Every structure is written in structure tokens, then in C-alpha cells.
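2 protein chains.
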Amino acid sequence: MNNLLVAQSGGPTAAINATLAGVLQGIQVTNQIDKVYGAKHGINGVISDELIDLSKVAKNLDALELLKNTPASALGSCRHKLSNWKDDDSEYKKIYEIFTKYHIKYFIYIGGNDSMDTVYKLNEYFKFNNYDIRVVGAPKTIDNDLNLTDHCPGFGSAAKYIATTIAEIKKDIDVYDLPAVTIVEIMGRNAGWLTAASALSRLNGAEGPDLIYLCEKEFSNERFIADVKEVMKKKKNVLVTLSEGIKYSDGSYVSDQNSSGEVDSFGHKYIAGAGKVLEYLVRKEIGCKVRSVEFNIMQRAASHVASLTDIKESCMLGEKALRCALDGESGMMAAIQRVSNNPYSVEYISVPVEQVANHEKKVPIEWISPSGNDVTEELITYMKPLIQGELQHRYENGIPKHISLF
Amino acid sequence: MNNLLVAQSGGPTAAINATLAGVLQGIQVTNQIDKVYGAKHGINGVISDELIDLSKVAKNLDALELLKNTPASALGSCRHKLSNWKDDDSEYKKIYEIFTKYHIKYFIYIGGNDSMDTVYKLNEYFKFNNYDIRVVGAPKTIDNDLNLTDHCPGFGSAAKYIATTIAEIKKDIDVYDLPAVTIVEIMGRNAGWLTAASALSRLNGAEGPDLIYLCEKEFSNERFIADVKEVMKKKKNVLVTLSEGIKYSDGSYVSDQNSSGEVDSFGHKYIAGAGKVLEYLVRKEIGCKVRSVEFNIMQRAASHVASLTDIKESCMLGEKALRCALDGESGMMAAIQRVSNNPYSVEYISVPVEQVANHEKKVPIEWISPSGNDVTEELITYMKPLIQGELQHRYENGIPKHISLF
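Going down the list, the sequences are from chains A and B.
Just so you know, we're using numbering that gives the first Met the number 0 here: the first sequence kicks off at 0 and counts up by one.
Just so you know, we're using numbering that gives the first Met the number 0 here: the second sequence kicks off at 0 and counts up by one.
Don't take every hint at face value.
[As the list claims (entries may be wrong)] Computed footprint of chain B on chain A, listed as stretches where at least three residues anywhere in the stretch have a Cβ under 8 angstroms from a Cβ of chain B:
no.	region
1	93-102
2	122-129
3	298-304
4	382-390
[As the list claims (entries may be wrong)] As a list, the in silico DSSO-like pairs of lysine-lysine whose alpha-carbon atoms are at most 27 angstroms apart:
no.	chain 1	residue 1	chain 2	residue 2
5	B	LYS311	A	LYS400
6	A	LYS311	B	LYS400
7	A	LYS235	B	LYS400
8	A	LYS288	B	LYS311
9	A	LYS400	B	LYS80
10	B	LYS235	A	LYS93
11	B	LYS311	A	LYS235
12	A	LYS234	B	LYS80
13	A	LYS233	B	LYS400
14	A	LYS400	B	LYS233
15	A	LYS383	B	LYS400
16	B	LYS235	A	LYS80
17	A	LYS246	B	LYS400
18	A	LYS400	B	LYS235
Hint data in this document are derived by calculation from the structure and do not stem from the laboratory.
Note that this is a predicted model, so its numbers are computed, not measured.
In this text, a Cβ means the ideal position worked out from N, Cα and C, and glycines have one as well.
Go ahead and model the full structure; you've got the sequences and the hints to work with.
Here you go:
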């Protein structure tokens, strides 16, 4: 018996289930695999022996289509990091025991750079012990910060949500003829890719954000206020987008500031995001109407506005990860190589997971405008293809239909 | 010359431009109107003589379709409340002067209950002075709180956004196998209709919010914590939705601890942050992972997930308002009367604006479950038809295409 195990890990995205669907689709066209299992809640579900049989789902084309439309990890997720097996191999032994019990020869782990750390360590451990088990990673992260892949599945859909929503917010805030500042805080602790995507809202000729601050560049309160005042000379409504992880020159996060000094009725200091901190700053320094908005969970869960390109590529990466495993590759991650921008085309490759695990790919500093408050055309050229196309959702009763696997 | 003036007022919605499109469409099939103007920024634009000629747009079917897809008020908006003309008629004189200058015989004002106050006062003033000008209101508000209309245009689209997004958030938060509470704060200062719409996320059989708190019922911190603990006995992840305007038994807003004390020009208190307050409470009383999410501007601007039913009805209400004006009605508002639920059908009527202005229609207390933390089947039956159908958006470059009128 040669069985396959698949699991999902890390923060959910709108496309991570498309990668799972890709794995399951791929199984239909090979005779090398007998049974396919899914582990609940990532590697934790392996350790705790919570495997579910996915063979039926894999044969159900309708279920696979629904899976591509369902946000977040249908198999559940975890944020568990394996210890170093040379120090403590108890979890590794447990995992191998489960693999043996279920005759797992292939393991595909869909996740971000922390999950690739798991792929790396497991592969090293299996290799060291001469266990014939192939461990392959399939990437996902809305943050687009994985090494060695042109871009990350899940990012395109989040970027499309952000571009669409910023275009809508721009329409909304422009209705009043009064000085106002709207600050939108976007996910990205260390990489500003998602915040940069707010610039795509300008693609149809409308004005997008007036000011864009990525976490790759030092943030300065003084420059920010000066920038806002400068924009206000030309227009009343200022729209600002910024990464949650913007930092001052001393390396401290803007969000760490509790400049308001306010406490709630429980005596807790008001824990503010970067957007909230700057909302207070604008109120204090400029005194106009100001609001801050957080895209929060929505930016990673909004599968109803997923990018068709992203969903298709995510699916292909699942198939590619499976192909790598069947071809005998291990300790590798499926990845995307861009072939050309016009027409947009990509190839699916495999890269050593060791060079992906625990690395972060940031926005190149030359793709941020010299003023530090916008992005360049090069960035737009890179990002635009990733949000193209709309998924045809199955709506029932007025809301999108999703699938549950357990 | 018999000209028509149309303007938009109050908070934007995803459907307010569909009502404008309805007015403009209607003009094509009557010979009673020579020219159609739009005032920028509501009644303020009348007073400041900022009228734009909409005759060309009205004839451009493509532009009208785009208008139905464009969120927020394409003519701009305001929150200006007219003084009582018996005390001070200076603004009224100015308005009449502009109406005379542009030969305005018909004025359609699209807005919520504050805007209907403007319709009411203007009509009274014109009548008192024997000016032959007809003033008709067309409703809009995401809050669904207008009197004498079964429901409000703009509400269905906001409700569809909320139901869709809550379904997605539910998928997202369920991925981790850890105790966690997610609190979603939804717009609604005095009426809980939008928060109630979160229950529609269950329509396809999935679990929706576990607890729903509307501002119509007294809120209690103790009961809330007890409710959350009760849910946690059965499942780890608790999803809560609540109205921004939930109040304690003493009448104070839950959010008052974060209130700035500011009031808007209508005397409404600026409130924000009930979700944040309860996030702290859960952290203190239960100690598990907890986050709060605000739907903020997105819930009223998300035209990309607009309800087709809402957009069609909003359009029809614009046509109905025009029809009322042409038929000699004044001081009236176009409204929706539900004829049946199954099949869903409505009629368009006109109602005296006096009974709409400055009133608020709340969720009937019997539509809230006795436990105070959910809604009843009757509410679902009422609300479900309003989110049906999806608008076919014109996407270009990966984002929805919008129109600008100035």
C-alpha cells in the first residue's frame, strides 16, 4: 500500500483549499497511490492520530469545485513548530508511527514558511533514518513573502480583495465635501506586499490611495503628517493605506505606541494597531475628521472575490507538489516561476524547502517610490496579473456555498 | 421649461446610485421633463449653486448600468439639516432662487430619515408660499430603519455582504483547535437589522454566529460572559456578532468607554468600539484568545457583492419617486410594500414623508429570541428574500469598474 497524506497549516487564505483540491484532482490520474488521507489541524492531527479518509471526496468533482470556492483550511490548521529532532525526536517517532500505521509514503504539507520548516525537518529526519517517505511542501500565504517562488498562492485573492475594497472605500469617502483622512491598516508584519496591492485599485483610472506606506521603509510621524497636509492642499479627502508592521527608525513598531494614553474601564491600556495610533496622531496634529479601518480577517477569507488566476495556480501547485512526490522528490516545495508578463505565463517548478523555511521575501526597496509614500510602476506590472479573473461562485439562498470536510 | 433636480444625501450605500439610475431611466420614457440636473453634495450643492447637467448620462444606457454597479453617492452627499423655515428662511430663499434659475419643477431627494426631514420642510415651505414645485423623497439606508416601507434600499446589499462575510469568517476562525472568541461589530446605532443579517450566514446549513446581540435589547456584561462560557462547553470557537449601539440597562452605550464625546451636526453622539470593549472583557473574564472585527465602511460600500434584488428594487424606487412627482405628489416618499413572501413580491407605493422624517423603525422585540442572543425564524423569513441574486459586475483589470459623474 502506498498512501498519501495531505495537511494544511498556518494562517488561512482564500486559496489554500484550491491547493488541496489540486492534490486530490491529481490523484485521479495516477495509479501510484492507493488511498488518500487528510490530517486534521496540520501536523498536530498527525501526532494525535486524527486522519480522515479523503478518497471519496477526491472522486467527487462537485466537491472539488466547492472546495476551490471555500475559504480557510478545510482540514483545519495549526501553528505547531517541531522541535529539533537531534535534541528531541519524540514527536518525530510518533509521526513515523502514524505514517507506518496508515502506510503513508507521500506527505504533502500546504503552508507558509513555518510549515516549510516542518517539511524540512521531517525530510531530514526520514532521510537520516532511511525511511522511504517523501515529504513535499505546497506554498500558501497571503503575505507573498516566500522565497524562491515568483509569488504565493493566496496572495492574488487577498490582493484582489484589497484592490476592490480600496476602490469602493475611495468612492465612499469621496462623497462628503469636508476635510477628512481615512487610514486603512492592511496585514503584513514584515512584508508590505498586501499594502502595495492597494495601488491596484487605481487600475481602472480612478484615484486610489493618496499615500501608501509599506513596512519595508522607516516610518516617521513628522513625514506622515507633512505628506497628509501636502495632499490636503489639492483635495479634501485623503486615503492612506499602511502595513500593520510599519516601524520607526529605532526599530519599534508604530503599533507599539500608546500615544493616546487612554485606558478602558478595566484599566487596560488601549492596545492600538498602527492605523489607530495614526488616527489619534492626525486628530491631534491636523484636527480634521479621521477614521481608521482594519481589513482584519476579511482580507484573507474573502473567497467570494477570489482571483481566478490565484485559484487556478493554487490548484496547479497542489498537482505539482503531488507530481514531485511521485517523481521521488523530497524536501522540496512546489513553486511558481514567471515566464513572461505579456502575455502572463508561468511554469511550475520545485525548489529546496531548506531555502524557503524561515525566510521572508520583502518588497524590493526600489519598488517603493523615492518619496516613501507610494509604489512604482514595476510593482504594478509584477502584481497586476495576479488578480485577474473572477471565480464563478455557486450562490445558494443569496450566499456562497461552502464545503466542510469534517 | 419643466426641469428635474435630483440629489443624494446621508451615508452612502451600495445601492443609492441604482436609485439615481432609476430616476434617470424613468426620464427617458416621459415627455414632461426638459432637462435633468444633479446637485453636488446634496442640499448643500443646491444652496451653493453646484448643479451639473445629467441629460447626457441619462441617455447613456452603458453609463446607467455602470452607475448601478458603483457604490456610494455618485453625486456626493452631505449631512446638512435645514433650520426651521419659520425661524430662519434664508437657506430656503436661496434654494428657491436656484430652483427658479434652473427652472426646477421637480426635486427628488434620495436619502435616509434625516434627508426626509429636508423633503418635508422644503415641501412645507414651497406649499406655504404657493410655489409650484414638487419635492419627493426616495429612500436609502443600509440601516433598514425607515418607517412605512417594508425595507430600505441599500439594506439588502449590506445584509448580503454581512451574511457572506460572516460565513467566510466562520470558516476562517474554525481552522484552529484552540479556545477563541471572535467578536464582530456591525453598524446600527439604534436599530439592529444589519446585525440580525449575520444570521443569514447559516442559510446553507453551516453554523453562523453562535451569539447575536441587537441594540434593541438591553445588554449585560454578566449575561454575555455566561453566554460565551455556555457556548464554549460545546465548541472551542465562539463567533459573536453585535450592533455598535448595544446599551446597558441604564441606557449607556457599551462603547461609551471609548467615546470621544463628539456629536455630529444632527446631535448624534459619535460612538465606536463596542466590540473592542467586549474584547477586553472576554480577555479579563475568560482569558482565552479573543479578537474583535469591525465591518466599518466595507459593509455599506461593498457593491461587488451587492444583492441583485436590492439593486433592482432601488432602481424601481427611483422610477417610482419620479412617477410620484410627475403625478403631482409632493411631500411624499417612494416606498416598498411587501405583497407576499412565497413567491416574494412587492409593490411600489408612496407614503407621507412627514411620517418618515426623524423616525426610526427598530427590529420588533418578538423577532429576537427570548434568550436575547439570537433572532427568530420570522426574522429570517422577512430578510432572506432581500439578499437574493448576484449582480453581474463589469470587471476590468481584475477590479470592478465604477463611474464618476464629476
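Going down the list of hints, with the structure as the test:
1. 93-102: Coverage by chain B is violated here, the residue count being 0 at a Cβ distance below 8 angstroms.
2. 122-129: violated (count 0)
3. 298-304: holds (count 6)
4. 382-390: Check passed, 5 qualifying residues.
5. LYS311(B) x LYS400(A): 23 angstroms, holds
6. LYS311(A) x LYS400(B): Cα-Cα ~23 angstroms, so holds.
7. LYS235(A) x LYS400(B): 23 angstroms, holds
8. LYS288(A) x LYS311(B): Given that 27 angstroms is the threshold and the Cα spacing comes to 34 angstroms, the pair is violated.
9. LYS400(A) x LYS80(B): At roughly 44 angstroms apart (the allowed maximum being 27 angstroms), LYS80(B) and LYS400(A) break the hint.
10. LYS235(B) x LYS93(A): 25 angstroms, holds
11. LYS311(B) x LYS235(A): This hinted pair is violated, its Cα atoms lying about 33 angstroms apart.
12. LYS234(A) x LYS80(B): Within the cut-off at roughly 24 angstroms; holds.
13. LYS233(A) x LYS400(B): 25 angstroms, holds
14. LYS400(A) x LYS233(B): Holds - the C-alpha atoms of LYS233(B) and LYS400(A) are around 25 angstroms apart, at most 27 angstroms.
15. LYS383(A) x LYS400(B): Distance ~15 angstroms between LYS383(A) and LYS400(B) Cα, so the pair holds.
16. LYS235(B) x LYS80(A): 22 angstroms, holds
17. LYS246(A) x LYS400(B): 35 angstroms, violated
18. LYS400(A) x LYS235(B): 23 angstroms, holds
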